[in-house]
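Visitor: Each chain, written out:
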Amino acid sequence: MTEEEIIASGLLELYVTGSLSAEEIQEVESAMTKYPSVKKEVAKIEASLLHLSETVGGEVSPEVWPRISQKTNNVRSMETPKRNWNALTGWAAAILFFGGLVYLLKQNSDLNGTLRKVRTQNVVINEQSEKAQIQLAEATDLLEVVRSNNFKAIQLPGNVAVAPTAYATVYYNSDEQIAYIDAKGLPKPPKGKVYQVWSLIMDPLTPRSIGLLDASQGNTMEFYKVENVPTPEAFGITLEPEGGSEQPTLSQLYTLGTVTP
Amino acid sequence: MEQPNQLISEMQQGSHAAFSELYTMYSKAIYGVICTFIRDENLAEEVLQDVFVKVWKNATSYNPNKGRFYTWLLNIARNTSIDMTRSKAFKNSAKNLTTENFVDIMAGHDTLSKRTDAIGIKKYIDALKPVCIQIIELLYFKGYTQAETAEELNSPLGTIKSRARNCIGDLRKVLLSNK
Chain A
20 MTEEEIIASG
30 LLELYVTGSL
40 SAEEIQEVES
50 AMTKYPSVKK
60 EVAKIEASLL
70 HLSETVGGEV
80 SPEVWPRISQ
90 KTNNVRSMET
100 PKRNWNALTG
110 WAAAILFFGG
120 LVYLLKQNSD
130 LNGTLRKVRT
140 QNVVINEQSE
150 KAQIQLAEAT
160 DLLEVVRSNN
170 FKAIQLPGNV
180 AVAPTAYATV
190 YYNSDEQIAY
200 IDAKGLPKPP
210 KGKVYQVWSL
220 IMDPLTPRSI
230 GLLDASQGNT
240 MEFYKVENVP
250 TPEAFGITLE
260 PEGGSEQPTL
270 SQLYTLGTVT
280 P
Chain B
3 MEQPNQLISE
13 MQQGSHAAFS
23 ELYTMYSKAI
33 YGVICTFIRD
43 ENLAEEVLQD
53 VFVKVWKNAT
63 SYNPNKGRFY
73 TWLLNIARNT
83 SIDMTRSKAF
93 KNSAKNLTTE
103 NFVDIMAGHD
113 TLSKRTDAIG
123 IKKYIDALKP
133 VCIQIIELLY
143 FKGYTQAETA
153 EELNSPLGTI
163 KSRARNCIGD
173 LRKVLLSNK
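So the sequence lines, in the order shown, correspond to chains A and B.
Under the working numbering, read the first sequence as residues 20 to 280, first letter to last.
Under the working numbering, read the second sequence as residues 3 to 181, first letter to last.
Watch out, some of these pointers could steer you wrong.
[Said to hold, decoys possible] Listed below are the simulated DSBU-like cross-link pairs for lysine-lysine, each with C-alpha atoms no more than 30 Å apart in a straight line:
#1 K90/B - K59/A
#2 K63/A - K68/B
#3 K175/B - K131/B
Please keep in mind that the hints were generated in silico from the structure rather than gathered at the bench.
Between the sequences and the hints, there should be enough to build the whole structure, so can you do that?
Guide: Structure, rendered in structure tokens:
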């Protein structure tokens with residue numbers, strides 16, 4: 020059929036009313052895709068029938084749609100959800116705010132950490148400074164002692180048999196019976212041993228312990244002060260077991276020096 | 003009017019907004035079809051509601067290659083109306099005792115009172131020959147097949163198509179003169 024024949028046949032009218040067989044529907048549809056005029060004619064037929072039935076029924080009550088809408092909303096899960104922009108904006112603001120808060124908290128924590136570190140460093144530096152001042156005071160005191168007229172310097176050279184390179188110096192004030200022992204030249208005592216200082220009367224040989232060179236008792240410069248030192252003829256230093264001995268172990272005599280009158 | 007294929011496709015994909023627009027476009031015409039089956043206004047509205055709920059639920063069963071969307075709506079409307087005429091509620095409604103065609107309904111008192119387009123209706127009534135009223139009633143409103151229509155009218159089967167062509171042609175003239 021030509022497009023005019025199809026239009027004139029009445030097929031298109033029955034196509035719209037739904038009175039055609041499946042084959043005839045197929046025929047109309049292919050003619051519609053082929054000829055725009057056929058498609059247009061179908062639209063016109065439909066419009067006229069639509070208008071006719073609109074006239075038959077009149078106005079539809081406005082109450083019908085809300086009932087349909089209520090029954091059909093959310094019936095099918097395929098429905099695309101409407102975005103609630105207000106809620107989204109709110110959430111976005113909340114997330115930004117929270118993110119900012121976390122950032123500031125972290126900054127604060129970092130600063131506190133740095134502050135703690137700096138404070139610790141300050142304490143350490145203060146301690147070091149204090150220590151240095153103490154050392155300086157000690158050194159100044161010792162310098163005073165060494166320079167003083169009241170003190171006599173007695174050299175204690177190393178015992179060639181035991182410690183040829185060792186040496187010590189005793190600064191002795193006979194008026195006040197105070198002695199300072201400079202142990203710088205002694206090797207570090209082995210573990211469990213300690214240096215003991217003796218004052219000696221030579222004839223007969225009478226050793227008297229005047230003190231132990233206990234590292235914890237001395238100062239950082241290995242300068243030891245001993246008091247109540249009786250006027251001796253000589254000073255000796257021996258290596259003794261920890262705690263010291265009653266009598267000097269002469270085989271471990273490190274240094275010995277006589278007091279020149 | 004070209005068929006709104008975009009809206010139909012959106013509704014098939016679940017857009018309730020598209021469904022709402024399609025309701026606005028077609029509900030009045032579909033309501034008119036329902037009214038030729040059911041005279042009771044409340045029952046007719048109930049059927050209209052059922053029709054569109056079915057349209058929504060079965061939207062994907064419409065295939066654009068197997069006929070017009072409006073024709074698909076017509077079938078649902080006719081079937082739902084016929085189901086209603088078999089119901090208890092319908093049988094208890096006194097208004098449904100008389101059978102009328104669409105012209106009687108258009109000219110009826112109760113419907114006229116609600117309508118503003120009285121002149122347009124008059125034009126339809128004047129323009130349509132009695133045989134056209136019958137053929138449009140059967141093919142369009144009641145959804146009869148060609149064979150059923152031919153039998154009802156005592157006419158040869160071959161004449162139905164050309165009569166439908168001529169009668170709807172008369173309708174279209176009325177519509178053009180209304181514009």
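Visitor: Confirm or reject each hint.
Guide: Hints versus structure:
{"no.": "1", "hint": "K90/B - K59/A", "verdict": "violated, 43 Å"}
{"no.": "2", "hint": "K63/A - K68/B", "verdict": "holds, 19 Å"}
{"no.": "3", "hint": "K175/B - K131/B", "verdict": "holds, 13 Å"}
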